[in-house]
Amino acid sequence: MNEILNIFLDPLKIAGQSILLIITYTVIFLSIEAYVPKFKKWSDTLFIIVLVLTLGQTVMDAFSLMAQLAGIFSNFFLALYPIIMSLLVILNSVFSFIAWSPIIFFIFELLILLCERILIPAVTIALIFDFCTRFIGEMSFGKASDLIRGSVMTIITATVIAIMTILSFTGVAFFTIDKAIADPVKKVIEQTIPIVGSLIVQGFSIFNKYQSTATTVAGLSAMTAFWVAAFYPAGKLLIHAMTFKLLAAIIEPFSSSTVSGLVDDVGKSLLVLCAVAFLLGIAFVFIWLILMVMTQLGVGKTF
Amino acid sequence: MIKLVVIILVGKCLLLMAEESDLIIYIKLATLIIFLTTLLDFLNL
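Each protein sequence line maps, in turn, to chains B and U.
Here the working numbering is used: position 164 in the first sequence is 164, and no number is missing along the way.
Here the working numbering is used: position 4 in the second sequence is 4, and no number is missing along the way.
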């Protein structure tokens with residue numbers, strides 16, 4: 001039980017440690033600047049180096065987590081693909097009932113490839129551009145990094161919309177939630193979590209529509225386990241990203257705009273990475289659900 | 001990307017040591033050359 005609890009507590013511990021460390025560094029740098037005014041010229045550069053050395057590990061962990069996640073999902077999909085396709089052929093007569101289309105498998109495979117080959121490297125490049133921009137202020141790569149982040153978010157949103165549209169076409173999304181309850185909650189999430197808030201809302205809307213089928217097939221406990229497994233990496237990345245945003249907000253009054261800007265930019269990049277993880281999570285759950293629905297159809301159950 | 005990071009780090013060190021504003025032009029030039037060579041490599045030219 002402790003191990004399971006630690007999985008959820010570790011990101012929060014890291015966040016707390018990072019905040020404490022950066023506040024300590026800010027106090028140290030401010031004290032040195034107060035006593036040695038000549039140090040001001042070097043302080044920004046040194047502060048950035050100290051930040052990279054301290055928080056770089058967290059950022060690298062986040063990226064390696066994403067790379068591992070994409071690798072696992074890719075292998076997982078490749079392993080399940082023959083089984084799903086065999087079931088597709090065997091259940092051809094029953095299949096017309098739900099009208100699953102091979103285009104869904106194509107989209108999920110494309111999605112995983114997209115994350116592995118384009119989205120994750122693009123976010124890494126945006127992060128390096130941010131570092132270069134903040135390190136030498138006279139030479140800005142700001143527009144390039146904003147363009148990359150914007151493009152990544154556009155691709156992610158387009159993919160979520162594509163998945164939603166295809167699932168609606170195939171008749172899977174037939175359960176709708178009460179709008180009066182859902183709309184205020186959606187607005188709060190959208191406004192509270194920057195950048196990825198609307199994506200999260202959109203993603204959860206798909207699951208709300210899909211939940212009645214899913215719960216019938218897998219049962220509540222199994223569904224909870226799938227959800228936690230699929231969205232734990234995204235949640236972890238969200239905590240890291242929000243930690244960086246919080247750090248930027250804390251140190252902004254006490255340090256130069258360069259330092260707080262860099263921390264804020266890292267937070268933005270991690271939020272985009274969180275969106276990528278969220279997208280992979282959606283793909284993971286749907287692939288599982290497709291397999292379960294097909295297996296159930298194979299033993300003669302209908303919904 | 002590694003080349004870019006290296007040139008930025010070296011450039012910043014030079015800027016801090018030399019205190020010459022003209023130095024930034026050379027850093028920009030070096031960065032541009034790195035971009036060009038990377039692009040040419042990418043296009044197999």
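Please note that a few of the clues may not be correct.
Stated by the list, open to error - With a straight-line Cα cutoff of 30 angstroms, these simulated BS3-like cross-link-like pairs (lysine-lysine) come out:
1. U:Lys12 x B:Lys13
2. B:Lys13 x U:Lys3
3. U:Lys12 x B:Lys245
4. U:Lys28 x B:Lys40
5. B:Lys143 x B:Lys41
6. B:Lys41 x U:Lys28
7. U:Lys3 x B:Lys143
8. B:Lys143 x U:Lys12
9. U:Lys12 x B:Lys38
10. B:Lys41 x B:Lys245
11. B:Lys40 x B:Lys143
12. U:Lys3 x B:Lys245
13. U:Lys28 x U:Lys12
14. B:Lys40 x B:Lys245
15. U:Lys28 x B:Lys38
16. B:Lys143 x B:Lys245
17. B:Lys41 x U:Lys3
18. B:Lys143 x U:Lys28
19. U:Lys28 x U:Lys3
20. B:Lys13 x U:Lys28
21. B:Lys13 x B:Lys245
Stated by the list, open to error - Some residues of chain U that are not near chain B, with every Cβ distance over 10 angstroms (derived):
22. Met1
23. Leu15
24. Ala18
25. Thr31
26. Ile33
27. Thr37
28. Leu40
29. Asp41
30. Phe42
31. Leu43
What the hints contain is simulated information worked out from the structure, not anything from laboratory work.
Note that beta-carbon positions come from the ideal geometry of N, C-alpha and C, so glycine has one too.
Violations among the numbered hints:
Hints 1, 2, 20, 22, 23, 25 contradicted; others consistent.
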